[in-house]
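Novice: Listed here are the chains, written in short residue letters.
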Amino acid sequence: MDMYSFLSVWVRESPSLWAFPFILICHTVGMGFLVGTNVAMDLRILGFAPRVPLSLFQKFFPVMQLAFCVNAVSGILLLIAYPTKALTNPLFYIKLCLIAFALTQTRWIRDQVLRNPAVDVKPVLGKGRVLAGTSLAVWAGAVTAGRLLAYTYTHLMSGE
Amino acid sequence: MSPFEVWLRSTSLSHLMHSRWAWPAAESLHFCGLSLLLGTVGLFDLRLMGFAKQIPLPALHRLIPWGIFGYFINVMTGICFFTAEPDQYLYNPSFQIKMVFMTLAGTNVLLFYLTMFRRVRSRGPGEDAPLPARIMGGASLVFWIGVLTCGRLLTFFRPPYHWCPWC
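Top to bottom, those sequences are chains A and B. Numbering of the first sequence is given in this note's numbering, commencing with residue 1 and proceeding in unit increments. Numbering of the second sequence is given in this note's numbering, commencing with residue 1 and proceeding in unit increments.
By construction, these hints were calculated from the structure, which means they are not laboratory data. Careful: at least some of the hints might be erroneous.
Unchecked claim - Subject to a maximum C-alpha distance of 25 Å in a straight line, what follows is the list of computed SDA-like cross-link-like pairs (lysine to any residue): (1) B/Lys53 / A/Gln58; (2) A/Lys122 / A/Pro50; (3) A/Lys122 / B/Gly124; (4) A/Lys59 / B/Thr11; (5) B/Lys53 / B/Arg119; (6) B/Lys53 / A/Thr134; (7) A/Lys127 / A/Phe48; (8) A/Lys127 / A/Gly47; (9) B/Lys53 / A/Asp120; (10) B/Lys53 / B/Gly126; (11) A/Lys127 / B/Lys53; (12) A/Lys59 / B/Glu127; (13) A/Lys59 / B/Arg123; (14) B/Lys53 / A/Arg107; (15) A/Lys122 / A/Thr134; (16) A/Lys59 / B/Val6; (17) B/Lys53 / A/Arg110; (18) A/Lys59 / B/Arg134; (19) A/Lys122 / B/Trp66; (20) B/Lys53 / B/Thr115.
Work the whole structure out from these sequences, hints included.
Specialist: As structure tokens, this is what we get:
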């Protein structure tokens, strides 16, 4: 059996809690930190906790990066376990697009808001606030799309 | 089934939860709430432990109400799940341990505000939190991740399919 099939069968069928359940837990904890840190940053841009210097919010980027890596790896493993289940569901592609868009916005926010030399001198207005608002909405959409995958699939395995 | 479970199942909330989209919608909200909690309380815990020290603790603490909001969403949606399928939770070892973790997390919060908050509130940028507060920050992260872990494990320990040493 090749490596791919072995992994697929192991993640899906192993009775060990370290297989499917552990990967799922990693994916959820990673989601909480990735989305949560972004949400905290967006709320700060929208005017909450005004005495947190926005430039310093970059200190939390390693949290996001680590959480993203955890979720990329665990996500790929979950995909390998049930490829047909995900790939035949249009919502899966919507989820990926939403994540890609949300991450692009995180980058924009970092480059245009957090790294703006005037960021800690005056409150963020206009474009920065729009970015933060859409970021909140897109992350909520990504979380919802991910959660709904469990309820909307049509084929669990190929041939079914 | 106990009379309590029979009553819960007879409520309109329980019926509503069994409609086509109520459960998935509540699940989505539950995950958004979880993110809100980890993103505010979790970051504050990290700062207590000494991460991103330049950020003043009292300033970061102003995000905590959003974490409480997330917690509130999750208690509400959690009650919805429980009301819909009480036996799936009552006799589930993962749910029972989740409640233990929630109690631990709650006690930790209480302890923090009773003993450490006043000292933490006066700390400026670059200053360390007192050692007990740093430990409470670490404990908070461990407990909330424990809550999440048990929450995700619920499906794998559903009664009556799974043997549980004490149920």
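Novice: Hint by hint, say whether it matches the structure.
Specialist: How the hints compare with the structure:
Restraint check: the Cα-Cα separation between B/Lys53 and A/Gln58 comes to about 12 Å, which is no more than 25 Å; the hinted pair holds. As the CA atoms of A/Lys122 and A/Pro50 are separated by approximately 10 Å, the hinted pair is consistent with the 25 Å bound. Using a Cα cut-off of 25 Å, the hinted pair A/Lys122 and B/Gly124 holds, with the two alpha carbons roughly 21 Å apart. Taking the CA atoms of A/Lys59 and B/Thr11, the gap is near 48 Å; set against the 25 Å cutoff, the hint is violated.
Taking the CA atoms of B/Lys53 and B/Arg119, the gap is near 16 Å; set against the 25 Å cutoff, the hint holds. As the CA atoms of B/Lys53 and A/Thr134 are separated by approximately 29 Å, the hinted pair breaks the 25 Å bound. For the suggested pair A/Lys127 and A/Phe48, the alpha carbons sit about 17 Å apart, so the restraint of at most 25 Å is met. Pair hint A/Lys127 plus A/Gly47 holds up; C-alpha atoms about 14 Å apart against a cutoff of 25 Å.
Using a Cα cut-off of 25 Å, the hinted pair B/Lys53 and A/Asp120 holds, with the two alpha carbons roughly 17 Å apart. Between B/Lys53 and B/Gly126 the CA atoms are separated by roughly 5 Å; this keeps the pair inside 25 Å, and the hint holds. This hinted pair does not check out: A/Lys127 and B/Lys53 have alpha carbons roughly 29 Å apart, beyond 25 Å. Proximity of A/Lys59 to B/Glu127 is assessed by CA-CA distance (about 16 Å); at most 25 Å being required, the pair is judged to hold.
Distance restraint check for A/Lys59 and B/Arg123: the Cα-Cα separation of roughly 18 Å lies within the 25 Å cut-off, and the hinted pair is therefore satisfied. A hinted pair counts as satisfied when its Cα atoms are at most 25 Å apart, and B/Lys53 with A/Arg107 qualifies at roughly 23 Å. Only pairs whose Cα atoms come within 25 Å are accepted, and A/Lys122 paired with A/Thr134 is accepted, the gap being roughly 21 Å. A distance of roughly 51 Å separates the Cα atoms of A/Lys59 and B/Val6; the hinted pair therefore is violated under the 25 Å criterion.
For the given pair, B/Lys53 sits about 19 Å from A/Arg110 by alpha-carbon distance, which is consistent with the 25 Å threshold. Distance check on the hinted pair: A/Lys59 and B/Arg134 sit about 18 Å apart at the alpha-carbon level, within 25 Å; holds. Only pairs whose Cα atoms come within 25 Å are accepted, and A/Lys122 paired with B/Trp66 is accepted, the gap being roughly 23 Å. Simply put, B/Lys53 and B/Thr115 have alpha-carbon atoms about 21 Å apart, close enough for the 25 Å limit, and the pair holds.
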